[in-house]
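Asks: Protein chains in written order, with the working numbering: chain Z, 1 to 98; chain R, 1 to 463.
If you are wondering where the hints come from, they were derived from the structure by calculation, not from laboratory data. All residues carry an ideal CB built from backbone N, CA and C; glycine is no exception. Just to be clear, a hint being listed does not mean it is correct.
As the list claims (entries may be wrong) - If you anchor each label on the Cβ, the simulated ranges turn out as follows:
1) R/G64 to Z/A86: 26 to 32 Å
2) Z/Y18 to R/I181: 41 to 47 Å
3) Z/V11 to R/A48: 30 to 36 Å
4) Z/P25 to R/W154: 28 to 34 Å
5) Z/V11 to R/S267: 36 to 42 Å
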Amino acid sequence: MDLYAALFVVVLSAFLGYEVISRVPVLLHTPLMSGSNFIHGIVLVGAMVALAIAQTPLEQAVGFVAVVMGAMNVTGGYAVTERILAMFDRSKKQGGAP
Amino acid sequence: MIDFIDPIYLLAVIVFIFGLKGMSSPKTARGGIVAAGVAMLIAVVATAAAFFFPATASLLGLSGTPALANLALIALGIAIGGGLGYYAAKKVQMTAMPQMVAAYNGMGGGAAAAIAAVELLSGSGINGLSVAGAVIGSVSIAGSLIAFLKLQGWMRQRPIVYPLQQPTNIAVLIVGVFFGILSVAMNQGIYLLPFFVLTLLFGILLTLPIGGADMPVVISLFNALTGIAVAMDGFSIQNYAMIVAGILVGAAGTLLTVLMARAMNRSIPSVLFGAFGATEEVGGSIQGSLKPIEPDDAASLLAYAGQVVIAPGYGMAVAQAQQKVKELVDALEAKGVTVKFAIHPVAGRMPGHMNVLLAEAGVSYDHLYDRDEINPEFATTDVVLVIGANDVVNPAAHRQGSPLFGMPILDVENAKNVLVIKRGQGKGFAGIENDLFYKDNCRMLYGDAQAVVGKLIQSLKTV
């Protein structure tokens, strides 16, 4: 990978990450934190690769831990965010009802 | 074999960006997380599929198809971790959401550290970046788990301080990083042991002096750190999806941390190094006394009020009193009383947490008012009912010298009457005495929030 290409990607991603959520209401701070927590669950992909290249039992053990943790990050992060946001949906439907 | 992995990662990254964008507006938030979820699923499936095509696998840094044992371990790991994560997230009470976010964030940090460890052990990847990923990931998992323990109440929430704290912590970090560099320079895996022990220890030491009230800001910070650790690993194993998603979260998480800290009127350095709530305020003894009131009397105050404002806090959520509070609102409205909720930005354990808890109980949006919206109204409010809130209604925040000084609060003291439902005579989350309770217009209703609100509803029927 070309170092400068990678640095361009980093710089642009950083600005994008900043811009994309710059006008978020306080109400959504918790779900947004939880949602971005889910997105770094992409670490699971790296964990799968790490375990795939593992050769010694130690590497396999550490790689396995990485996959388990990465998978927890993905499913747990998704389920928590989904649950929080589902609450907002329900309250909107019930809004105005006595 | 064609390269299908990079186009799919590119697609996933684009959807992540739109998902994040969606999550920053209430209308599109749910669509945002669902889209991101689908993209994640596709990325993971594509990675698994790539393992079976040697040419595509080589793009991921593999030399041919992985060993069958490793493939089996990957499947097993995903099944165990994925199952556990999903089950715990579905099972847990809404009140425990903040510590769940901390826990899952820690898992991500741990995964990043473990990936870096494999890279360093096997000598693959770019070592310098793996060391960076390992340091940040270790700090993130250790710190997140301390945050989890503190929020879960399995550990003392008050800040833990000791002499020469900052120099000690920095020394631990420096020595830890030194061992990491040593292991790369000498190509000796054995140095990784002290490296990980010390960087994990630094994560723990960094979080110990941070009080419970500042935890949301810290979790958000660790969230951003995990993102950066993931990006570092992505750099090391040349995976653009990890770089972009990691940096995206790193930047968004950093901004979110700043926004949260601002909502609480705290600065990031004072959160990290201030040991908020560790010290007692000197002098400034409080005048007056605590004045209890019977539920019957409280109910008649409420029944004959024109406007009642309810200021809920974490105590309400702990007592599972949201449903009862909703019933109380209905009963009061049936009597023609106007009822509003005053939502402090950091009521509960995290910004927005209280909105979620009330929404769960079926309280509609139009009853909820922000701090800035409701503060001018307290002067014309007959009764304020504080349920399990403490620090966010503490007028000490207006007094110079108080540890709370400067925090924007709900000015409930301006109302004609203030009723406080409180479990006991203890202090709030920040561990600071509350001046409000000693004011002349304030009456205390001691007891479990759910039981007390239940009694209020009963008494209302006879008024």
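Asks: All the hints need checking, so say for each whether the structure fits it.
Replies: Comparing the hints with the structure gives:
1. R/G64 to Z/A86: 26 to 32 Å: This hint is violated: roughly 44 Å between Cβ atoms.
2. Z/Y18 to R/I181: 41 to 47 Å: Since Z/Y18 and R/I181 have Cβ atoms about 31 Å apart, the given range 41 to 47 Å is violated.
3. Z/V11 to R/A48: 30 to 36 Å: Holds - the Cβ-Cβ distance for Z/V11 and R/A48, about 31 Å, lies within 30 to 36 Å.
4. Z/P25 to R/W154: 28 to 34 Å: Distance hint for Z/P25, R/W154 holds at roughly 32 Å.
5. Z/V11 to R/S267: 36 to 42 Å: At 26 Å between Cβs, range violated.
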